[in-house]
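Novice: This is what each chain is made of:
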Amino acid sequence: MRNGHADQIARLIEPGRVHRSVYTDPDLFELELERIFSRAWLFVGHASQVPEPGDYITTELGRQPVIMCRHRDGSVQVLLNRCTHRGAKVVNERKGHASRLVCCYHGWAYDTDGRLVTVPVPEGCGEGFDKEAFGLARAPRVGEYRGFVFASLAAGGPSFEDHIGPMKGNIDDLVDRAPDGELALDAGMHRYVYNGNWKLQLENVLDSYHVPFGHASTVNKDGVQFARREGDSKGAAVIETKKKETAGSWRDRKSFIVGNGHGWTSNTTLDDGKRSSPAFDAYKRVLVDKVGAERANEILTPRLHNSLIYPNMSIMGLNIHVRVIKPIAVDRTEVTIYPIRLCGAPDAMNFGNIRLLNVTHSAASFVQTDDLESFVRAQKGLQSSLTDWVDISRGLGDEEPDRDLNATRGLATHEMVVRAQYKAWLGYMREAA
Amino acid sequence: MDAVVPAIDRAPFEQFLIHEAALLDARRFRDWMMLFAEDGTYWVPAVPDQQSPLNQASLFYDDRELMKTRVDRLEHPRIHVQTPPSRTAHLVGNIVVEPSDANGEFAVGSTVIMVEYRDDTQRVFAGRQQHRLRRDGEGFRIVQKRVDLINCDGAFEAMAVPI
Ligand code: FES
Ligand SMILES: [Fe+2]
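Those protein sequence lines, which keep their order, are chains B and Y. Sequential numbering of the first sequence, starting at 10, is according to the numbering used here. Sequential numbering of the second sequence, starting at 147, is according to the numbering used here.
Note that these hints are calculated values from the structure, not bench results. Fair warning: there could be bad hints in the mix.
[Stated by the list, open to error] Below, computed lysine-lysine pairings styled on DSS-like, alpha-carbon distance capped at 30 Å: (1) K263(B) x K230(B); (2) K253(B) x K230(B); (3) K432(B) x K214(Y); (4) K253(B) x K214(Y); (5) K243(B) x K214(Y); (6) K104(B) x K214(Y); (7) K263(B) x K251(B); (8) K243(B) x K253(B); (9) K389(B) x K432(B); (10) K214(Y) x K283(B); (11) K263(B) x K243(B); (12) K263(B) x K252(B); (13) K214(Y) x K140(B); (14) K177(B) x K283(B); (15) K263(B) x K253(B); (16) K252(B) x K230(B); (17) K243(B) x K283(B); (18) K283(B) x K253(B).
[To be verified] To give an idea of the chain Y side of the interface with chain B (calculated C-beta under 8 Å), a few residues: (19) A192; (20) P194; (21) L200; (22) Q202; (23) T215; (24) R219; (25) V227; (26) P230; (27) P231; (28) A235; (29) D294; (30) C298; (31) F302.
Yeah, the Cβ is synthetic: ideal placement off N, Cα and C, and Gly gets one too.
Work the whole structure out from these sequences, hints included.
Specialist: And the structure:
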């Protein structure tokens, strides 16, 4: 698959199935880095991670190291973390503060907007050496919505609005829960890696089919999961123990797609109205004060379970967090999970969210670890060459339009959302850079 | 004349830590949980020198109630991430005991190394741990156990068993 001809690639995806090489072929993985991760709008970070001028974080877009920093004029810059002299990575810390970004090798120093300001021993530079031409490369396109910063490493392609526009409502759903209308990703992070392809995590984010089986170890003998949300006395009913099958609330749950590979799942009906704890009640009072009772009720009515913003991030609406998926190799992926602080909410409410996220999504959590095990086993199983196809046909043909939401709707235990991801995947992959 | 500081006999503390490690290595997680006081907590921070478990993410931060959910899950027949189960060997050393404070609680520092083998893969966890211990009859109860792993802010493959 070295050259990645469009028709060759197209043969890997059929209406209800995907060829296993999409998960296992290292050449295809290289093509993905080129055609998806060097092109698509990717989530980089959140503005709250760099509140003051000179604050920075470093990360990778695909395999490419980048710096996201706050410049003196208040703008958030996305710079390639690669010295324009001989190529060293300039900033080595995961986060920090600096007025100049100084390369460790020969000391070239850059301003926080990437401009080259100092070259030691300048008389060695040739006559026409122009510092202006040696600034750190900048992500050609950067877009921000309510603090969420995205960048594209390609100059052309769908606009930020075209790509992110259909998911703005999902970002709003989360941000509006903050009484101050703002989020902060300042409560640390959970980081894990697994020996499996990046798309396994992506597909899992909106998969409601696996819960009673994949997470059996979190379900008690009454078929109910532990409480995962501040103010809940117990978790969702997952299994109908008498009939020994998936509980109705999961079977009836819907999923939605809006193009571009994005999608979301609607929430289960977790003891609505009964949600209460000292922390939650105090939070609710603050929210009502800010936005009024009617709007507060609207905000607190669970609408979304998980949202996927293709191809590298998701937002969870239940035990709230932002998740970022980073491909490392065809069979290795890193995932970062950020707890969210709702600005203006009482500390106790935010602390409750952080505490429950440890339980569900730390590297030592009760929930995510069984998912990771499934990804690792999928990667191992897919080494088998006698069965070439991965089946993603559940609910094929059952999709229906949802005119209110301007989306396409299916059952969340079906695989419409996975098919939508591969439609977007093909869109990127068929087109040579 | 210098004040006489009674020397603390390290042996009972050392014995306690060895017993705790043995329970974990034997996968006797429920018995391990019972070593904790009713108000006891188990904390594994996710950054070096983490100041608080409340306002920052942690790898583990369990009170007794969460610990029970964790142990129930570890005993569940369909915990995939423990199929097959982990085998571990804990080594505890470099023990430093501080005299009891006003509450009669002891602060015991030690270095812990845990080697874990599971599903054809072996890995190592290491760090400094701090136990706050309260006397309970002849023995002790854990008021807080904090483990600072040297790679606490790294990216981990799934962890299922406590350190
Ligand atoms: S490589 Fe950066 S200064 Fe030489
Ligand atoms: Fe899951």
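Novice: Would you pick out the hints that fail for this structure and give their numbers low to high?
Specialist: Per hint list: 3, 6, 13, 20, 26, 27, 28, 29, 30 violated.
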